[in-house]
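Enquirer: Take a look at the letters that make up each chain.
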Amino acid sequence: MVDMDKKVMARKMGRLIRSIWIFNWFNSCGVTELLPVVASIYDMERFGLIVVDNPKHADVLIVGGYQTEKSIKRVIRIYNQMPEPKAVMALGSCTITGGMYWDSYNTIKRLSDYIPVTIYVPGCPPRPEAVFQAVGMIFEHVNQLKKEVKGK
Amino acid sequence: MSWEEIIKDYNPTIQRERRIWVNIPKDKVYDILQNLKNEGFEHLSSLSVTDWIDEGKFEITYHLWSYKFKVLLTVKTKIDREEAKIKSIYPIYDRSAWIHEREMHELFGIEFIGNPDLSPLFLEDWNEKPPFRKDFDWREYVRSKYYNKENEREKAYWEVWLK
Amino acid sequence: MKDKEIGFYELPFGPAHSGSGNFMVKLKVDGERVVEARADPGYLHRGFEKLMEYRTPLQNAVVADRVCILEPLSWDLVHAEAVDEIMGWDIPERAKYIRVILAEFTRIQSHLIWFSGGSMATGFQTGFMIGIGYRDYILEHIFEPVTGARVYPTGYIRPGGVRWDLPKDFDKKCYNVLKKIEKAVEDFDKLLFSNPVFKERTQGVGVLSKEDAIRLGATGPIIRASGIETDVRRDDPYEIYDELEFNIPVMDEGDAYSRFFIGRMEIVESMKIIRQAMERMPRGEYSLKVNPFMKMKKGESYARIEAARGEAAIYMVSTGDRKPYRVKIRGPSFLHLIPVLEFLLKDQQIADVPTIYWSMNTCPADMDR
Ligand code: SF4
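Quick note, the sequences are listed as chains A, B and C, same order.
So the first sequence is residues -13 to 138, counted in the numbering used here.
So the second sequence is residues 7 to 169, counted in the numbering used here.
So the third sequence is residues 1339 to 1707, counted in the numbering used here.
What the hints contain is simulated information worked out from the structure, not anything from laboratory work.
Please note that the accuracy of each hint is not assured.
[Claimed, not checked] Cut-off 27 Å, straight-line C-alpha distance, at most; resulting in silico cross-link-like pairs (DSSO-like, lysine-lysine): (1) B:K84 to C:K1636; (2) C:K1635 to B:K84; (3) C:K1636 to B:K14; (4) A:K42 to C:K1364; (5) C:K1661 to B:K82; (6) C:K1366 to C:K1684; (7) B:K43 to C:K1548; (8) A:K59 to B:K135; (9) C:K1635 to B:K140; (10) C:K1661 to B:K135; (11) C:K1548 to B:K76; (12) B:K140 to C:K1636; (13) B:K32 to B:K43; (14) C:K1548 to B:K74; (15) B:K14 to B:K82; (16) B:K82 to C:K1636; (17) A:K59 to B:K155; (18) A:K59 to C:K1366; (19) A:K59 to B:K151; (20) B:K63 to C:K1633; (21) B:K140 to C:K1633; (22) C:K1661 to B:K84; (23) B:K140 to C:K1661; (24) B:K32 to C:K1636; (25) B:K32 to B:K140; (26) B:K82 to C:K1633; (27) A:K59 to C:K1364; (28) C:K1661 to B:K63; (29) C:K1636 to B:K63; (30) B:K151 to C:K1661; (31) C:K1366 to A:K42.
With the rest of the complex left out, here is chain A:
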């Protein structure tokens, strides 16, 4: 995915294990089910996740839901601004296949044709629990990387 030495990457990604800083590309389904994640009830700060306003500070880009021809350009720009290592979490079936809008003339159909996606979270919209599970999987992914490096 990212052409970087695995060792360097594992080390850099190591900091993700403690806390993930999220840049949230607010979009339709992203916003409604992420609000409970951010605010009370599910409160993601308990797990060290916070939303930042600046892509340069972010580790993970959350792309919530369908992207139109206009907004995908901004997503790519934001993605390029984020420093390595970075991960992309795509929410909703719209990012996977186009979902509801499979025949819409203005939405893109699969996000990984445009930017590399680390993890897809299905659902319409995905429940907050699913988002947390995805976060857990990102942690695991980092652990795995670390182990691989150590094993060598």
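Once you have looked at the hints, place chains B and C with the ligand on chain A.
Expert: Just chains B and C with the ligand now, kept in the frame of chain A:
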């Protein structure tokens, strides 16, 4: 003149309570809307266009609501598809008409004469036909733009295609 | 003396800004003052009106709730109304009551999000947490058991009635949730509406006069905050609203504070409506039998409802086919976010921009459609 009198000559149909529809020829629309506005139809609820492709016409509908009489009056008029031009009602309904006309200009390609700003609203770098016209084959466009015939996953969109 | 050529520069507000949603306003600023604002929508444009031309009414019921994510059931309702009117259906009494109850709950939860956003914009994190927290009661205890999903009801309110009956213990849940909402209103009164800091930041900001409100096509809470008593539920009643008793809150100031406060009073009225509807709800059928392959009648209809953000309407034309010939959706935010916002932002301080933006009760999704 009350509003009933203004539209009396054009055979308005009463669909139900508070819903009145009336067809008006193209060149009278501007004056009639002006009079209706003065009589109390102050709120332009919406402005829409229907593409009657078989007839070769565009139908423009103005949905007016009166806070005073509590009636929704729909004024409809037809213009030629080839020559899709009509006088803008921007001077009557101001910014609320402007934004509706700007949208319709983008989606249907209708020229509203007298509207100060008809720049594109939703679409960036669009150079096909106006997308909401009936002769813009939306599904064909989507299929050739987004779905790849060679791709195992997307082949189905080429083989089974609902019309 | 200032050199005009050098004095102006352009500042984009959005689209990637946690306070703006998926929407952009280009602000031309002179120092701290906004000289001109120009909205740039289109980040969420999916072409619903055309999508609906390719689908039958029952399929459209599912599509319709995607129009605005923050109040999906209102959009379900207006779509169902448009189809009902074309078909000339008189739906069962019970279905009408269920529709009204759910529509009012949708309004409450949408207003709670609105207050959360408003608190964020005025730098008040606690309000954000509270609003979203209370909203979750509605999602968890009303929408999920009734419609099957927390956010999107997937066409629960469909042409001809509703998809299935209310669950057995709905009464209990409903009254429990209403109690919680009462608490929420109390909390917001204490923390937000009587808070001097919040008042300072919203009172007298973004004043919209009566004439301008009409001229720019404002509806819903925005126009009522400017002193015009109008409400689709009363002026153009649909379902059973003409049998229910409720007040229409109106305020005269037209500033950001009064807009928020109108929302707060509407929550109270909505609770009143729900209580009445719960008491009077009859037993019986909840839907007509609808054939999924039916042909629509020839004709047209214009259905309007009072959604949380203002007047939501669908104009539907049918030529007697299985699918509608043309659907036009009128979103309230389309007018609030473009003409009204552009007008209000003029000559304001940059620091007030988020406050004004949030006081419009925005939903960029129903603007772009
Ligand atoms: S997956 Fe569902 S909730 Fe998410 S963007 Fe698509 S339609 Fe909206």
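Enquirer: For the pair we were handed, B:K82 and C:K1633, check the Cα-Cα distance against 27 Å.
Expert: 25 Å, holds
Enquirer: Taken at face value, is the distance from the CA of C:K1636 to the CA of B:K140 at most 27 Å?
Expert: 19 Å, holds
Enquirer: Taking only the CA atoms, is the gap from A:K42 to C:K1364 under or equal to 27 Å?
Expert: 23 Å, holds
Enquirer: Are the Cα atoms of B:K32 and C:K1636 separated by 27 Å or less?
Expert: 24 Å, holds
Enquirer: Regarding the pair C:K1366 and C:K1684, is the alpha-carbon distance no greater than 27 Å?
Expert: It holds: about 9 Å lies between the C-alpha atoms, which stays within 27 Å.
Enquirer: Next pair to validate is C:K1635 with B:K140; report whether the Cα-Cα distance is within 27 Å.
Expert: 21 Å, holds
Enquirer: Next pair to validate is A:K59 with C:K1366; report whether the Cα-Cα distance is within 27 Å.
Expert: Holds: A:K59 and C:K1366 sit about 23 Å apart, inside 27 Å.
Enquirer: Can the restraint linking B:K32 and B:K140 be considered satisfied, given a maximum Cα separation of 27 Å?
Expert: Roughly 22 Å separates the two Cα atoms, so the pair holds.
Enquirer: When you check the alpha-carbon spacing of A:K59 and C:K1364, does it fall within 27 Å?
Expert: Status holds; Cα separation ~18 Å.
Enquirer: Can the restraint linking C:K1548 and B:K76 be considered satisfied, given a maximum Cα separation of 27 Å?
Expert: 18 Å, holds
Enquirer: Need the status of pair B:K140, C:K1633: alpha-carbon distance at most 27 Å?
Expert: Given that 27 Å is the threshold and the Cα spacing comes to 20 Å, the pair holds.
Enquirer: When you check the alpha-carbon spacing of A:K59 and B:K135, does it fall within 27 Å?
Expert: 22 Å, holds
In summary, the structure agrees with every hint in the numbered list given earlier.
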